[in-house]
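Listed below, chain by chain, are the residues.
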Amino acid sequence: SQTIHQWPATLVQPVGSPLSLECTVEGTSNPNLYWYRQAAGRGLQLLFYSVGIGQISSEVPQNLSASRPQDRQFILSSKKLLLSDSGFYLCAWSPGSTDTQYFGPGTRLTVL
Amino acid sequence: RKEVEQDPGPFNVPEGATVAFNCTYSNSASQSFFWYRQDCRKEPKLLMSVYSSGNEDGRFTAQLNRASQYISLLIRDSKLSDSATYLCAVNFNSGGYQKVTFGTGTKLQVIP
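These protein sequence lines map, in sequence, to chains A and B.
When we follow our numbering, the leftmost residue of the first sequence carries the number 37, and every step to the right adds one.
When we follow our numbering, the leftmost residue of the second sequence carries the number 7, and every step to the right adds one.
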């Protein structure tokens with residue numbers, strides 16, 4: 037069966053510090069991968085999606101970036117965090133673009 | 007008009023009650039529809055896909071109304087454990103790529 041992992045589970049970072057969140061999927065090949073952010077009391081905002089290694093599409097201009105160095109690895113990064121980057125970051129995968137998306141456990145980021 | 011809209015609630019219902027949520031979508035060409043459940047501070051989890059003819063899973067019934075462009079979720083015999091936020095998700099064609107967009111969720115509180 038397929039599983040999706042995210043780490044760390046929680047993170048507290050100062051403003052201006054870098055960020056690296058990692059997501060890995062097991063038990064499937066060539067998944068579509070997604071990064072979402074959910075601010076407190078808000079909906080899911082799609083940040084990036086990827087249909088293959090090295091293929092990244094950005095949904096919202098911001099100071100975040102994403103990379104997919106391996107088929108089942110998706111990384112979210114920032115060089116300098118802002119207060120507004122605080123939120124619940126969720127990685128998801130799907131077999132195809134219109135298929136069900138399955139979410140990882142998420143990383144709760146607080147920027148102080 | 008938002009791509010996907012939900013009444014944020016909260017819906018406060020007594021145990022054993024029947025409750026229904028609607029989710030409207032703007033793109034008449036949408037093809038895939040889903041309901042997710044999200045517990046507080048947890049990741050969304052798929053509750054059920056929504057099929058054109060409607061589908062049922064135990065106490066949960068999902069329906070699609072293409073003419074009026076909405077999907078619905080009916081929960082019968084509500085349990086305390088049903089308390090959560092329910093997100094709808096709808097696929098869209100954006101720039102030649104099919105993407106799933108999530109609603110902001112409807113909060114359900116089942117009261118003893």
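No lab work stands behind these hints: they were computed from the structure.
For glycine and all other residues, C-beta sits at the position ideal for the given N, C-alpha and C.
Hints are not guaranteed to be accurate.
Claimed, not checked - DSBU-like, lysine-lysine: derived pairs with alpha carbons at most 30 Å apart:
id, chain 1, residue 1, chain 2, residue 2
1, B, Lys105, A, Lys115
2, B, Lys113, B, Lys51
3, B, Lys51, B, Lys8
4, B, Lys113, B, Lys48
5, B, Lys8, B, Lys105
6, B, Lys48, B, Lys105
7, A, Lys116, B, Lys48
8, A, Lys115, B, Lys48
9, B, Lys113, A, Lys116
As the list claims (entries may be wrong) - Among chain B residues calculated to face chain A with C-beta under 10 Å, some are:
id, residue
10, Gly15
11, Gly22
12, Lys85
13, Gln104
14, Lys105
15, Phe108
16, Gln115
Next pair to validate is Lys116/A with Lys48/B; report whether the Cα-Cα distance is within 30 Å. Given that 30 Å is the threshold and the Cα spacing comes to 26 Å, the pair holds.
Can the hint on Gly15/B be confirmed by a CB-to-CB distance to chain A that is less than 10 Å? violated (12 Å)
For the pair we were handed, Lys113/B and Lys51/B, check the Cα-Cα distance against 30 Å. Judged against 30 Å, a Cα distance of about 15 Å means the pair holds.
If you draw a straight line from the CA of Lys113/B to the CA of Lys48/B, is it 30 Å or shorter? Cα-Cα ~14 Å, so holds.
Given hint Gln104/B near chain A, where the shortest CB pair must fall under 10 Å: holds (4 Å)
Holds or violated: Lys115/A to Lys48/B, with C-alpha atoms at most 30 Å apart: holds (27 Å)
So if I understand the rule, the pair passes when the alpha-carbon distance is 30 Å or less; does Lys8/B with Lys105/B pass? Given pair Lys8/B, Lys105/B holds - Cα atoms ~15 Å apart, limit 30 Å.
Straight-line Cα separation of Lys51/B and Lys8/B no greater than 30 Å? The given pair, whose Cα atoms are some 23 Å apart, holds under the 30 Å limit.
Can the restraint linking Lys48/B and Lys105/B be considered satisfied, given a maximum Cα separation of 30 Å? holds (22 Å)
30 Å limit on alpha-carbon distance, applied to hinted pair Lys113/B and Lys116/A: violated (34 Å)
Against chain A, is Phe108/B within 10 Å by beta-carbon distance? holds (4 Å)
So, as I understand it, the hint says Lys105/B touches chain A; can you test that by seeing if any CB pair is closer than 10 Å? Since chain A brings a Cβ to about 7 Å from Lys105/B, closer than 10 Å, the hint holds.
The earlier numbered hints that this structure contradicts are 9, 10, 11, 12 and 16.
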